[in-house]
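J.: The opening position of the sequence shown corresponds to residue 8 in our numbering, with each subsequent residue numbered one higher.
Think of the hints as simulated: they come from the structure by calculation, not from any bench.
Note that the coordinates shown come from a computational prediction; the quantities given were computed from them, not determined experimentally.
Any given hint could turn out to be false.
Calculated pairs, EDC-like style, for lysine to aspartate or glutamate (alpha carbon to alpha carbon, straight line, at most 20 Å) [said to hold, decoys possible]:
| no. | residue 1 | residue 2 |
| --- | --- | --- |
| 1 | 486 | 519 |
| 2 | 377 | 338 |
| 3 | 38 | 54 |
| 4 | 273 | 175 |
| 5 | 377 | 346 |
| 6 | 486 | 287 |
| 7 | 219 | 175 |
| 8 | 273 | 294 |
| 9 | 170 | 287 |
| 10 | 431 | 220 |
| 11 | 166 | 241 |
| 12 | 377 | 355 |
| 13 | 266 | 311 |
| 14 | 219 | 420 |
| 15 | 248 | 337 |
| 16 | 523 | 512 |
| 17 | 431 | 338 |
| 18 | 431 | 403 |
| 19 | 14 | 33 |
| 20 | 273 | 512 |
| 21 | 248 | 260 |
| 22 | 371 | 420 |
| 23 | 380 | 437 |
| 24 | 219 | 396 |
| 25 | 248 | 331 |
| 26 | 166 | 119 |
| 27 | 486 | 512 |
| 28 | 380 | 425 |
| 29 | 240 | 227 |
| 30 | 349 | 388 |
| 31 | 349 | 331 |
| 32 | 240 | 287 |
Derived DEER-like restraints, expressed as beta-carbon distance ranges [unchecked claim]:
| no. | residue 1 | residue 2 | range |
| --- | --- | --- | --- |
| 33 | 484 | 49 | 49 to 59 Å |
| 34 | 295 | 428 | 52 to 62 Å |
| 35 | 330 | 457 | 43 to 53 Å |
| 36 | 251 | 341 | 22 to 32 Å |
| 37 | 308 | 340 | 46 to 56 Å |
Ideal Cβ placement from N, Cα and C applies to all residues, glycine included.
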Amino acid sequence: MHVAITKRTYKGKTYTSILLRQTYREDGKVKHRTLANLSALPEHVIDLIRRALKGEAFISASEAFRITASRSHGAVWAVLSTVRQIGLDKLLGGDELWRSIVIGMIVARLVEPGSKRFTRSYWQQTTLPSLLSLPETLSVNDLYDAMDTLLQRQPAIEKKLAKRHLEEGALVLYDLSSSYLEGTHCPLAEFGYSRDKKRRKMQFTYGLLTNKDGCPIAIEVFPGNCSDGTTLKEQITRLRKQYGLRRVVLVGDRGMITKTRISELKEAGYDWITALRASDIQRLYADEAFQLSLFDERDLAEIEHPSFPGERLVVCRNPLMTEERRRNREDLLQATERELEKIRARVEAGTLVSADRIGLAAGKVIDKYKMAKHFILEISDGIFRYRRDEARIEQEAQLDGIYVVRTAVPREEMSANEVVETYKGLQQVEQAFRNMKSMQLELRPVFHRLATRVRSHVFLCMMAYYVQWHMMRALRGLKESGDPAYGSFRLMMERLKSLQQNTVECAGQMFEQITKPDEYQQQILDALGVRL
Numbered sequence: 008m009h010v011a012i013t014k015r016t017y018k019g020k021t022y023t024s025i026l027l028r029q030t031y032r033e034d035g036k037v038k039h040r041t042l043a044n045l046s047a048l049p050e051h052v053i054d055l056i057r058r059a060l061k062g063e064a065f066i067s068a069s070e071a072f073r074i075t076a077s078r079s080h081g082a083v084w085a086v087l088s089t090v091r092q093i094g095l096d097k098l099l100g101g102d103e104l105w106r107s108i109v110i111g112m113i114v115a116r117l118v119e120p121g122s123k124r125f126t127r128s129y130w131q132q133t134t135l136p137s138l139l140s141l142p143e144t145l146s147v148n149d150l151y152d153a154m155d156t157l158l159q160r161q162p163a164i165e166k167k168l169a170k171r172h173l174e175e176g177a178l179v180l181y182d183l184s185s186s187y188l189e190g191t192h193c194p195l196a197e198f199g200y201s202r203d204k205k206r207r208k209m210q211f212t213y214g215l216l217t218n219k220d221g222c223p224i225a226i227e228v229f230p231g232n233c234s235d236g237t238t239l240k241e242q243i244t245r246l247r248k249q250y251g252l253r254r255v256v257l258v259g260d261r262g263m264i265t266k267t268r269i270s271e272l273k274e275a276g277y278d279w280i281t282a283l284r285a286s287d288i289q290r291l292y293a294d295e296a297f298q299l300s301l302f303d304e305r306d307l308a309e310i311e312h313p314s315f316p317g318e319r320l321v322v323c324r325n326p327l328m329t330e331e332r333r334r335n336r337e338d339l340l341q342a343t344e345r346e347l348e349k350i351r352a353r354v355e356a357g358t359l360v361s362a363d364r365i366g367l368a369a370g371k372v373i374d375k376y377k378m379a380k381h382f383i384l385e386i387s388d389g390i391f392r393y394r395r396d397e398a399r400i401e402q403e404a405q406l407d408g409i410y411v412v413r414t415a416v417p418r419e420e421m422s423a424n425e426v427v428e429t430y431k432g433l434q435q436v437e438q439a440f441r442n443m444k445s446m447q448l449e450l451r452p453v454f455h456r457l458a459t460r461v462r463s464h465v466f467l468c469m470m471a472y473y474v475q476w477h478m479m480r481a482l483r484g485l486k487e488s489g490d491p492a493y494g495s496f497r498l499m500m501e502r503l504k505s506l507q508q509n510t511v512e513c514a515g516q517m518f519e520q521i522t523k524p525d526e527y528q529q530q531i532l533d534a535l536g537v538r539l
């Protein structure tokens, strides 16, 4: 059999036919028999038939192509590309191998956070070793050595970040958080106010400086028993001496910028923005420094008071906070009453008689829900009565949703609205803490025994958050679209993980092939400005 091409002319037009023919001999003569007309078939199919008739052997595509290895590529390449786009690789400095190890740890922290031992193992499942020229002989100790060098270079790196993201007169946000330690041998480990609600675990604290947009600039680790205010003085020194900033506006919460710290800020020539404690707000209201009728037509008003000479006080009302505070208070009041009612029943049943024991039981309930000032208790031997202090509750409820922002920034430099919005910027620092602690970066739990390793681990997490901050700005449009596919940074990284670099073998030849992105993956890559 063979493929034959015939042509015939009819009325001046030439017609071509492609035929499958069989040649045979009959009565000593060679004859041809047409078995099929192939003219309607595509050219490549006809070519396959022609090659098959010549004896060429064919195998299925699944047999011709064999994937010999697959490595995760999409997510690590997206993060690494961002590192290079924002110039973090150049900012780190140092020799090439050290820089590659640190960048590899930063990328892993954003894509698949874990211990340094896990990180080294994880690299081998990705394209990072080839992308960063990481030797296979690297050990966990090499990663620890790189962390030690990173800590030594921290001041220089932070100085470069400050130069890039801060300027004279800039707004600087500062807040303090804590994380618990596993073990008790780290010199930084102390019991203190636990923001993780792990009161039985020792902890360390760390303060984060960001610019007004929440971009991390510097981070410092302190012993676990350090309070907010005591760490601020070191940040003032850092801003002035290390970064050479003669004038900044430091923004901190009411526990951070205290009366003592304000004096230190004034000495440094720095302005500041903070908020008043609830007790101070109640005193202002009692002194008739402001009236609730101020908020009939607007949600903020600027006032002055002799207790705060030379300062501006911006009184604000948040209607959403008002409802939330009232709802939370009522929930706590009812929860307290349920527990107190159990105590009353025990007293009436005669199983709880002593006034001391009744007082101890009631005290535990009151302390648990922080409701001491909201209840009036009557306790004596065999007697227990309780009732809400309605007058006190009503007095407190009047100020629900009211907060006062306090600042020394002159009016000509910042309006009352701008002062309030700037103070709200602290939420971005709190978001940074949440990201660093959560499953996104997994700063905690911390197993390091040496104080230097804890410090370098925390700084590494800050550097990872620095990269994430830039990525989230690029991805903001997708996240704000409302599509659940882009609900979080973690979810978007998970989507990119399925983009693999496959090593393919075909006819004895090897080549690399990257998975084709789907629609969602391509939109993420486009938003980040990343090409595979």
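J.: Run every hint past the structure and note whether it holds.
T.: Hints, verified against the model:
1. 486 x 519: violated (32 Å)
2. 377 x 338: holds (12 Å)
3. 38 x 54: violated (24 Å)
4. 273 x 175: Within the cut-off at roughly 17 Å; holds.
5. 377 x 346: holds (13 Å)
6. 486 x 287: With a Cα-Cα distance of about 39 Å, the restraint between residue 486 and residue 287 is violated, given a limit of 20 Å.
7. 219 x 175: holds (13 Å)
8. 273 x 294: violated (27 Å)
9. 170 x 287: Between residue 170 and residue 287 the Cα gap is close to 38 Å, so the pair fails against 20 Å, i.e. violated.
10. 431 x 220: Satisfied, since the Cα-Cα distance of roughly 11 Å is no more than 20 Å.
11. 166 x 241: holds (15 Å)
12. 377 x 355: Distance of about 25 Å is beyond 20 Å: violated.
13. 266 x 311: holds (17 Å)
14. 219 x 420: Holds, because 15 Å separates the two Cα atoms, which is no more than 20 Å.
15. 248 x 337: Not OK: residue 248 and residue 337 at ~50 Å, beyond 20 Å, violated.
16. 523 x 512: With a Cα-Cα distance of about 18 Å, the restraint between residue 523 and residue 512 holds, given a limit of 20 Å.
17. 431 x 338: This hinted pair is violated, its Cα atoms lying about 27 Å apart.
18. 431 x 403: violated (23 Å)
19. 14 x 33: With Cα atoms ~25 Å apart, residue 14 and residue 33 exceed 20 Å; violated.
20. 273 x 512: Since the Cα atoms of residue 273 and residue 512 sit roughly 70 Å apart, the hinted pair is violated (cutoff 20 Å).
21. 248 x 260: violated (23 Å)
22. 371 x 420: violated (50 Å)
23. 380 x 437: violated (30 Å)
24. 219 x 396: violated (43 Å)
25. 248 x 331: Not OK: residue 248 and residue 331 at ~43 Å, beyond 20 Å, violated.
26. 166 x 119: The hint is violated at about 29 Å.
27. 486 x 512: violated (39 Å)
28. 380 x 425: violated (35 Å)
29. 240 x 227: holds (12 Å)
30. 349 x 388: With Cα atoms ~17 Å apart, residue 349 and residue 388 stay inside 20 Å; holds.
31. 349 x 331: violated (28 Å)
32. 240 x 287: violated (24 Å)
33. 484 x 49: 49 to 59 Å: violated (43 Å)
34. 295 x 428: 52 to 62 Å: violated (28 Å)
35. 330 x 457: 43 to 53 Å: Between residue 330 and residue 457, where Cβ atoms are some 48 Å apart, the hint holds.
36. 251 x 341: 22 to 32 Å: violated (56 Å)
37. 308 x 340: 46 to 56 Å: Check failed, 30 Å falls outside 46 to 56 Å.
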